[in-house]
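Modelling step: build the complete structure from the supplied sequences, incorporating the hints.
Sequence order for the protein chains is Z and Y.
Using my numbering, read the first sequence as starting at 549 and increasing by one per residue.
Using my numbering, read the second sequence as starting at 1349 and increasing by one per residue.
Hints were generated in silico from the structure; no laboratory data involved.
Predicted model only: the values in this text are computed from it and were never measured.
From the three backbone atoms N, C-alpha and C, an ideal C-beta is built for every residue, glycine too.
Mixed in with the good hints, there may be bad ones.
Rough simulated footprint, nothing fancy, chain Z against chain Y, three-plus residues with beta-carbon under 8 Å [unchecked claim]:
(1) 1418-1432
(2) 1447-1457
(3) 1571-1581
In silico DSS-like cross-links for lysine-lysine, where the CA-CA straight-line distance does not exceed 25 Å [claimed, not checked]:
(4) Y/1485 / Y/1508
(5) Z/632 / Y/1387
(6) Y/1495 / Y/1485
(7) Z/710 / Y/1387
(8) Y/1495 / Y/1508
(9) Y/1660 / Y/1586
(10) Y/1596 / Z/632
(11) Y/1476 / Y/1508
(12) Y/1508 / Z/632
(13) Y/1485 / Y/1499
(14) Y/1660 / Y/1596
(15) Y/1390 / Y/1577
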Amino acid sequence: MNLRAVWAIYRVEMARAFRTVLQSIISPVISTSLYFVVFGSAIGSRITEIDGIAYGAFIVPGLMMLSLLTQSISNASFAIYFPKFVGSIYELLSAPVSYLEIIIAYVGGAATKSVMLGLIILATAALFVPLRIEHPFWMIAFLVLTAVTFSLFGFIIGIWAKTFEQLQLVPLLIVTPLTFLGGSFYSIHMLPGIWKTITLFNPVVYLISGFRWSFYGKADVSVGVSLGMTVMFLAICIAIVAWIFRTGYRLRN
Amino acid sequence: MHPAASDLYEITFSSRPYFSMSSIISISGVTKTYATGFKALKEINLDIERGEIFALLGPNGAGKTTLISIVCGIVNRSSGTVTVDGHDIGRDYRAARSLIGLVPQELTIDAFETVWATVNYSRGLFGKAPNAAFVEKVLRDLSLWDKKDSKAITLSGGMKRRLMIAKALSHEPRVLFLDEPTAGVDVELRQDMWAMVRRLREDGVTIILTTHYIEEAEAMADRVGVINKGEIILVEGKAELMRKLGRKQMNLELRAPLAAVPDGLSHYSLELSDDGNQLTYTYDNQSDRPGVASLIRDLEAAGVQFRDLDTKNSSLEEIFVNLLRQEP
Chain Z
549 MNLRAVWAIY
559 RVEMARAFRT
569 VLQSIISPVI
579 STSLYFVVFG
589 SAIGSRITEI
599 DGIAYGAFIV
609 PGLMMLSLLT
619 QSISNASFAI
629 YFPKFVGSIY
639 ELLSAPVSYL
649 EIIIAYVGGA
659 ATKSVMLGLI
669 ILATAALFVP
679 LRIEHPFWMI
689 AFLVLTAVTF
699 SLFGFIIGIW
709 AKTFEQLQLV
719 PLLIVTPLTF
729 LGGSFYSIHM
739 LPGIWKTITL
749 FNPVVYLISG
759 FRWSFYGKAD
769 VSVGVSLGMT
779 VMFLAICIAI
789 VAWIFRTGYR
799 LRN
Chain Y
1349 MHPAASDLYE
1359 ITFSSRPYFS
1369 MSSIISISGV
1379 TKTYATGFKA
1389 LKEINLDIER
1399 GEIFALLGPN
1409 GAGKTTLISI
1419 VCGIVNRSSG
1429 TVTVDGHDIG
1439 RDYRAARSLI
1449 GLVPQELTID
1459 AFETVWATVN
1469 YSRGLFGKAP
1479 NAAFVEKVLR
1489 DLSLWDKKDS
1499 KAITLSGGMK
1509 RRLMIAKALS
1519 HEPRVLFLDE
1529 PTAGVDVELR
1539 QDMWAMVRRL
1549 REDGVTIILT
1559 THYIEEAEAM
1569 ADRVGVINKG
1579 EIILVEGKAE
1589 LMRKLGRKQM
1599 NLELRAPLAA
1609 VPDGLSHYSL
1619 ELSDDGNQLT
1629 YTYDNQSDRP
1639 GVASLIRDLE
1649 AAGVQFRDLD
1659 TKNSSLEEIF
1669 VNLLRQEP
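Here is the structure:
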């Protein structure tokens, strides 16, 4: 195992986050605060509580997930797409590093940033609403698992994308809608019959539900199913990455 | 006069694969067909000797970069085997790649990293323990030390090129690939680079450079390989190549202009300049035609006096052009 290489890549990725501190950290904090103002205050004044949880507090796990998903994907996809775009990927490909090491370094870097971001959002939210975390272990477990899974997903997008447009296509057209429709801002029990069923096909529902359970002990779907879906999505991403590396897809032609 | 066809045949034939204990890179039967169906390499066999400077010459699109990319692990080969110091580049890629430094043709660096960070990153990527003293030496050797805290984006083109070299040298490679190292580089930097390459060779580093500046190969290389349309058409020691295929020219500056070449000298195939002040004699190195000494005697006998004379060898470029012209 070339741990020095893993560390070298990881460090560069983290350095990039701190160099672009405005984009990486401050902008999500600002957008989260805006969500609180709009959803928490404006709408929250009409919906006082859901499942016995104050609306402002209810949306915190969903907001964290929203940022976690989008930031994991954009961090990881950009990290591998950019060297491909400028050509500096040659060095990575010519270095004595295995695919596993490349994955650990890039996905590890992206996931670390997302987890940090999630915690920053949590801290920001604590300024607006009273929070409680009933299952801190599971909260961290869901946080890390989701960050890793979606960083892996972002990594796949970064390898697949041939243009900047494609790089943003999946997050924009698929992930953001699924997250908004995945119960970030409401309980799926609030939806009329057919829509509730349709929503159950949205994988993000399970992520948010499980994550919210770790906070308040209340969930739309059972926690076991949430965990199972998250792990399954992780397994799918790992399988795709394994295939990419076996075939050299869009990396080594 | 063109090199005799038999010379060419002999040279081409002698470049068939041979296996020597001293070769550090051994390429055998390597082919590359891209997904588009384009055959970039057709069965390449080539051995690079330990410690030599090998120049791979060829026109654009001949397959130089593809071949290098395969050896370095950037492009997958379609068939064949490559070993680096005995390590197979597929099965034993870690050992093989650790030995290689690559300076690609394009200037591709993370623009926002500092010189110091990016060179240390390269060293780490190749699994080497941090060594600030060594990295400092590399940067000093490449006149980059005072730029160590500058971001790559602020460097001039020539400095970026040096930075690419510094990155390639950061992990103490035993083999250095320089892909078109002096493309778009000014004369001064080019001289510096040649000096650096020679220093590296003295340290025992094997250097493979591709170029289409033939004077570069001529100035630097111990051996020359010519690749064209995905095939190695010749591998030969540079001196040998020049000797076998090169030609010589002697120019004589005359004291008094001549109206025509004197009759007694007609068998020398001399050329007289338009103003009649200069005679040029072209002869090839292995020619059985009369030599320079007899020409000078015959000139004296004919009463032709000259002020000065110089001789020059034909350049590798002329040889190269002739070779490619003879390719079917």
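Status of the hints after comparison with the structure:
1. Note: the segment 1418-1432 of chain Y has 5 residues with beta-carbon separation from chain Z under 8 Å; the three-residue rule is met and the coverage holds.
2. Restraint check on the segment 1447-1457 of chain Y versus chain Z: 6 residues with Cβ-Cβ distances below 8 Å, three needed, restraint holds.
3. For a cut-off of 8 Å, the count of residues in the segment 1571-1581 of chain Y with a CB near a CB of chain Z stands at 0, and the three-residue condition is violated.
4. As the CA atoms of residue 1485 of chain Y and residue 1508 of chain Y are separated by approximately 17 Å, the hinted pair is consistent with the 25 Å bound.
5. Using a Cα cut-off of 25 Å, the hinted pair residue 632 of chain Z and residue 1387 of chain Y holds, with the two alpha carbons roughly 24 Å apart.
6. For the hint pairing residue 1495 of chain Y with residue 1485 of chain Y, the CA-to-CA distance comes to about 13 Å; that is within 25 Å, so the pair holds.
7. This hinted pair checks out: residue 710 of chain Z and residue 1387 of chain Y have alpha carbons roughly 23 Å apart, not beyond 25 Å.
8. Of the pairs offered as hints, the one joining residue 1495 of chain Y and residue 1508 of chain Y holds, with about 11 Å between alpha carbons and a cut-off of 25 Å not exceeded.
9. For the proposed pair residue 1660 of chain Y and residue 1586 of chain Y, the alpha carbon gap of about 16 Å is at most 25 Å, so the pair holds.
10. About 49 Å separates the Cα atoms of residue 1596 of chain Y and residue 632 of chain Z, which puts this hinted pair outside 25 Å; it is violated.
11. Taken as a hint, the residue 1476 of chain Y and residue 1508 of chain Y pair is honoured in the structure, with Cα atoms around 23 Å apart against an allowance of 25 Å.
12. Restraint check for residue 1508 of chain Y and residue 632 of chain Z: satisfied, since their Cα atoms lie roughly 19 Å apart, inside the 25 Å limit.
13. With a C-alpha separation of about 19 Å, the suggested pairing of residue 1485 of chain Y with residue 1499 of chain Y holds against the 25 Å cut-off.
14. Restraint check for residue 1660 of chain Y and residue 1596 of chain Y: the C-alpha separation of about 6 Å stays at or below 25 Å, so the hint holds.
15. Note on residue 1390 of chain Y and residue 1577 of chain Y: the hinted pairing holds, with a Cα-Cα distance of about 8 Å set against a maximum of 25 Å.
In summary, the structure is inconsistent with hints 3 and 10 from the numbered list given earlier, while agreeing with the others.
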